[in-house]
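Peer 1: Sequence:
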Amino acid sequence: MDYTEVFNEALAEPSSPMMTAIWREALGAEYPEGADPYSWVSRSELDIFAEIVRATGPRLVDVGCGRGGPGLWVAHAAGVPLIGVDIAQAGLDAAAASAVALGVPADYRLGAFESLPISDGEADVVMSVDAFLFTPDKPAAVRELTRVLSPGGRVAMATWDFHTQPANRPPQVDDHRPLFESAGFVVERYDETEEWERRQSRSIELMLAQVELLAEEAGEPVEEFRAGIEDMAASIACMMRRVLLVARRGD
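Just so you know, our numbering puts 115 at position 105 of the sequence shown, and the rest follows in order with no gaps.
Some hints here could point you the wrong way.
[Stated by the list, open to error] Pair ranges (Cβ atoms, derived):
| no. | residue 1 | residue 2 | range |
| --- | --- | --- | --- |
| 1 | 177 | 39 | 29 to 37 Å |
| 2 | 191 | 30 | 36 to 44 Å |
| 3 | 115 | 197 | 24 to 32 Å |
| 4 | 208 | 184 | 16 to 24 Å |
| 5 | 191 | 223 | 43 to 51 Å |
| 6 | 153 | 113 | 32 to 40 Å |
| 7 | 14 | 149 | 20 to 28 Å |
Note that these hints are calculated values from the structure, not bench results. Where a beta carbon is used, it is the ideal one built from N, C-alpha and C, also for glycine.
Use the sequences and the hints to build the structure in full.
Peer 2: In structure tokens, the structure reads:
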């Protein structure tokens, strides 16, 4: 599957008010107002990312930044500039406009986990929200994270472990810790997200209940839109846990 094309098409559209309402209901008090998430990221997770930036250093990179909301939220909270990286130019364009509106100094660059447009040691913290599952070569991606981080720099990532390989997705793993440890990282946190299954199941339930209106809003055939939701649900069924990983470059 060509994810560059998929995400360029998805992120070229403006944020969906209906999807925002669905994320807000599914996440409840954990919905990060102002972050305009395109995922299940929570306010608590973004708070942790901001704390890590304050404790580690001001050079923040958000990989898989999409429209930029979570990364901008963290950068604003920590009072630091931001570099955002994504495979979709449409997302980068939207993120750049949001950065200007929020007054956050930001530089957006086209790139992927396996080939980051970042110099050696340019980052103190690399954050990533619900994007790592889409990299087709996870060991290569982790080696790139090692390269771009300064000594003692940290990765802060929200992602999923899988008990079964989902269809229509790149290869997944059942535990990310060996990937990072084999690349010289020290894993400092590996926390399972509270209520992640309930939140994700509720989101799917709400999407299916509103599928006709969502399809109309997106200008897509209802059955095509429903198939996309069902594909997402099938991928979720393969997940073992959602985790927040914090790993420090060991040298």
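Peer 1: Next, verify each hint and record whether it holds.
Peer 2: Taking the hints in turn, this is what the structure says about them:
1. One distance hint, 29 to 37 Å for the beta-carbon pair residue 177 and residue 39, holds here, with the actual separation near 34 Å.
2. With their beta carbons about 38 Å apart, residue 191 and residue 30 fall inside the hinted range of 36 to 44 Å.
3. Our hint of 24 to 32 Å for residue 115 and residue 197 holds, since their Cβ atoms are close to 31 Å apart.
4. Taken as a hint, the range 16 to 24 Å holds for the pair residue 208 and residue 184, whose Cβ atoms sit roughly 21 Å apart.
5. Under the hint 43 to 51 Å, the C-beta atoms of residue 191 and residue 223, about 46 Å apart, fit the expected range.
6. Restraint check, residue 153 to residue 113: a C-beta distance of roughly 35 Å satisfies the suggested window 32 to 40 Å.
7. Taking the beta carbon of each, residue 14 and residue 149 are about 21 Å apart, inside 20 to 28 Å as hinted.
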